[in-house]
Amino acid sequence: MDFSLTDEQKMIQQTVRRFVDRELMPLESELLQSEGKYPTGVEPGLYQTLQMKAKEMGFWGINTPEEYGGANLGAVMSALIAIEMGRTLVPFTFGGNADNILYHGNEQQKAEYLVPTIEGTRKSCFALTEPGAGSDPSAIRTTAVKDGDHWVINGQKVFITGGNEADFAMVFAVTDRSKPPQNGGVTCFLVDRSRGWTSRPVPTMGGWSPAELFFENVRVPEDHILGEVGQGFSLGMQWIGQGRWLIASRCVGTAERLLQMAVDYAKQRVTFGQPIADRQAIQWMIADSAVEIQAT
1 MDFSLTDEQK MIQQTVRRFV DRELMPLESE LLQSEGKYPT GVEPGLYQTL QMKAKEMGFW
61 GINTPEEYGG ANLGAVMSAL IAIEMGRTLV PFTFGGNADN ILYHGNEQQK AEYLVPTIEG
121 TRKSCFALTE PGAGSDPSAI RTTAVKDGDH WVINGQKVFI TGGNEADFAM VFAVTDRSKP
181 PQNGGVTCFL VDRSRGWTSR PVPTMGGWSP AELFFENVRV PEDHILGEVG QGFSLGMQWI
241 GQGRWLIASR CVGTAERLLQ MAVDYAKQRV TFGQPIADRQ AIQWMIADSA VEIQAT
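Heads up: the sequence shown at position 152 corresponds to 152 in our numbering, and the numbers run straight through without jumps.
Quick caveat, the hints were computed from the structure, so don't treat them as lab data. Hints may be right or wrong, so weigh each one.
[As the list claims (entries may be wrong)] As a list, the in silico SDA-like pairs of lysine to any residue whose alpha-carbon atoms are at most 25 Å apart:
1. 10 with 58
2. 55 with 77
3. 123 with 193
4. 55 with 133
[Claimed, not checked] Beta-carbon label-pair distances, calculated as ranges:
5. 284 with 242: 36 to 42 Å
6. 5 with 182: 26 to 32 Å
7. 57 with 5: 15 to 21 Å
8. 57 with 107: 27 to 33 Å
9. 287 with 108: 55 to 61 Å
10. 25 with 55: 36 to 42 Å
11. 145 with 76: 42 to 48 Å
12. 198 with 284: 49 to 55 Å
Every residue gets a Cβ at the ideal spot worked out from N, C-alpha and C, and that includes glycine.
Using the sequences and the hints given, assemble the complete structure.
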């Protein structure tokens, strides 16, 4: 089986690399100095400019089905793009993509949430992780209690990507303690920020600034359930599966950038009259790192 990249894949990969080198890397110094001032990592006007350039390049909706105006480039190409985007600290992503679970909404929900997200007029976040629960739904403590034709949500989420700038969240909450999460105990809700949930940034080492989300007696209409009551676990696992390999791809890109920085430094750093890159012990370290990255 031939695992070589096609000419089209190579072209797209090189185009994204040039975008990262020319448009994003020069912003890294500003990002580090801003100390989390902006939810998106950079000044909002500049972020919009970057999105416009992404549209002009044709990188809008790379994972979005063609019927919704996307490119639908597929998993391999999406991973290659994520690798290139991982080479910079700037937390920028090509827009026009909606979380895959939004495609399970009814027609009204698609019109209100899915289409605006693809168009870039709305921003979402996937709210599953909690202080005591990662991707393990059996440990979720956030609850949703039925009250007439509404559900009342109480709880807390943490490390939510995009939570600071999102205007709606896909919130996973326990709706039936008598059932296991994998079999009807957890439900996913579409919750607008205007309904009362709040957020605050979680400081991190990188350019990304995830959020804590707080829900205190947040009332959500019955028709804001995504899918069906008790279907939350299966919906969540669909998103997590995709999210894991995309995050892993970005990490590969970050590792490649760090390796190149190490090589550049080894060539510049001189001790006892010669660059440390000429020393075999340093060469071994760099070679080992290169092999580990290639193995991923």
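Hints, one by one, checked against the model:
no.: 1; hint: 10 with 58; result: holds (15 Å)
no.: 2; hint: 55 with 77; result: holds (17 Å)
no.: 3; hint: 123 with 193; result: holds (11 Å)
no.: 4; hint: 55 with 133; result: violated (37 Å)
no.: 5; hint: 284 with 242: 36 to 42 Å; result: holds (37 Å)
no.: 6; hint: 5 with 182: 26 to 32 Å; result: violated (38 Å)
no.: 7; hint: 57 with 5: 15 to 21 Å; result: holds (19 Å)
no.: 8; hint: 57 with 107: 27 to 33 Å; result: holds (32 Å)
no.: 9; hint: 287 with 108: 55 to 61 Å; result: holds (57 Å)
no.: 10; hint: 25 with 55: 36 to 42 Å; result: violated (20 Å)
no.: 11; hint: 145 with 76: 42 to 48 Å; result: holds (44 Å)
no.: 12; hint: 198 with 284: 49 to 55 Å; result: holds (51 Å)
Checked against the numbered hints listed earlier, the structure breaks hints 4, 6 and 10; every other hint is satisfied.
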